[in-house]
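Next come the chains, spelled out residue by residue.
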Amino acid sequence: AQRVTQPEKLLSVFKGAPVELKCNYSYSGSPELFWYVQYSRQRLQLLLRHISRESIKGFTADLNKGETSFHLKKPFAQEEDSAMYYCALRSSNTGKLIFGQGTTLQVKP
Amino acid sequence: NAGVTQTPKFRVLKTGQSMTLLCAQDMNHEYMYWYRQDPGMGLRLIHYSVGEGTTAKGEVPDGYNVSRLKKQNFLLGLESAAPSQTSVYFCASSYSRPGIFNYGYTFGSGTRLTVV
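Chains as they are written, first to last, in the working numbering: chain A, 2 to 110; chain B, 95 to 210.
Just so you know, the hints here were simulated from the structure itself, not pulled from any lab data. C-beta atoms are modelled at their ideal positions from N, C-alpha and C, and glycine is treated no differently. It cannot be assumed that every hint is accurate.
Computed beta-carbon distance windows for the label pairs [to be verified]: (1) B:V106 - A:K74: 39 to 47 Å; (2) A:E80 - B:P155: 34 to 42 Å; (3) B:V106 - A:N65: 43 to 51 Å; (4) B:T101 - A:L47: 16 to 24 Å; (5) B:L116 - A:Q79: 31 to 39 Å.
As a list, the in silico DSS-like pairs of lysine-lysine whose alpha-carbon atoms are at most 27 Å apart [as the list claims (entries may be wrong)]: (6) A:K74 - A:K23; (7) A:K16 - A:K74; (8) A:K109 - A:K10; (9) B:K164 - A:K97; (10) B:K103 - A:K97; (11) A:K97 - B:K151; (12) B:K151 - B:K108; (13) B:K165 - B:K151; (14) A:K109 - A:K16; (15) A:K109 - A:K58; (16) A:K97 - B:K165; (17) A:K66 - A:K16.
Construct all of the structure, not just a fragment, from the sequences and the given hints.
What follows is the structure, given as structure tokens:
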């Protein structure tokens, strides 16, 4: 079964602290993984994709096939990073995007 | 601006009323999707379409119908609204084939629906 799990509903850190938002997936095949961000009452925006191996707004994520994880990391959190973050997996067969439950990141001053 | 446009942005319905949510995209995307977003549940796929004239059920299709008569439009209908359908609805679109230069899904800004 295809599944994305984000174990933390809420992650609260202080400004300047490191951040790691966890994401684990279940997929038989080669997954395409994404992180999306949703700022307060706005549309979801693509943050990054594992294929492009990029760093956006200081965030990075590495696909670990052995641990079936795609954790999102940032070394120093900023207050403007406060948002809902969704990990998602795209099925190469159907194109459907399967989302995790989301993690709210709260960065305190 | 190019993108995905959803109408309306807000709506309050009484139980049993019907309504249609419209999603329009101008990026020539083949695939279109309707999701609902509920606290603690993430985004769940309601229906999707892989091309004009085709639709398919997603994870939570009951109580909804869809149509894709034109490539750029994807309509979500509620025939008889129920309080359990109170949610934020997001439409999204994408190319059919993921690739290095295509950036996943493009989402609309959402429709906040309350059924009383």
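Status of each hint after checking the structure:
{"no.": "1", "hint": "B:V106 - A:K74: 39 to 47 Å", "result": "holds (41 Å)"}
{"no.": "2", "hint": "A:E80 - B:P155: 34 to 42 Å", "result": "holds (40 Å)"}
{"no.": "3", "hint": "B:V106 - A:N65: 43 to 51 Å", "result": "holds (45 Å)"}
{"no.": "4", "hint": "B:T101 - A:L47: 16 to 24 Å", "result": "holds (23 Å)"}
{"no.": "5", "hint": "B:L116 - A:Q79: 31 to 39 Å", "result": "holds (37 Å)"}
{"no.": "6", "hint": "A:K74 - A:K23", "result": "holds (9 Å)"}
{"no.": "7", "hint": "A:K16 - A:K74", "result": "holds (14 Å)"}
{"no.": "8", "hint": "A:K109 - A:K10", "result": "holds (17 Å)"}
{"no.": "9", "hint": "B:K164 - A:K97", "result": "holds (20 Å)"}
{"no.": "10", "hint": "B:K103 - A:K97", "result": "holds (24 Å)"}
{"no.": "11", "hint": "A:K97 - B:K151", "result": "holds (11 Å)"}
{"no.": "12", "hint": "B:K151 - B:K108", "result": "holds (25 Å)"}
{"no.": "13", "hint": "B:K165 - B:K151", "result": "holds (18 Å)"}
{"no.": "14", "hint": "A:K109 - A:K16", "result": "holds (6 Å)"}
{"no.": "15", "hint": "A:K109 - A:K58", "result": "holds (18 Å)"}
{"no.": "16", "hint": "A:K97 - B:K165", "result": "holds (17 Å)"}
{"no.": "17", "hint": "A:K66 - A:K16", "result": "violated (31 Å)"}
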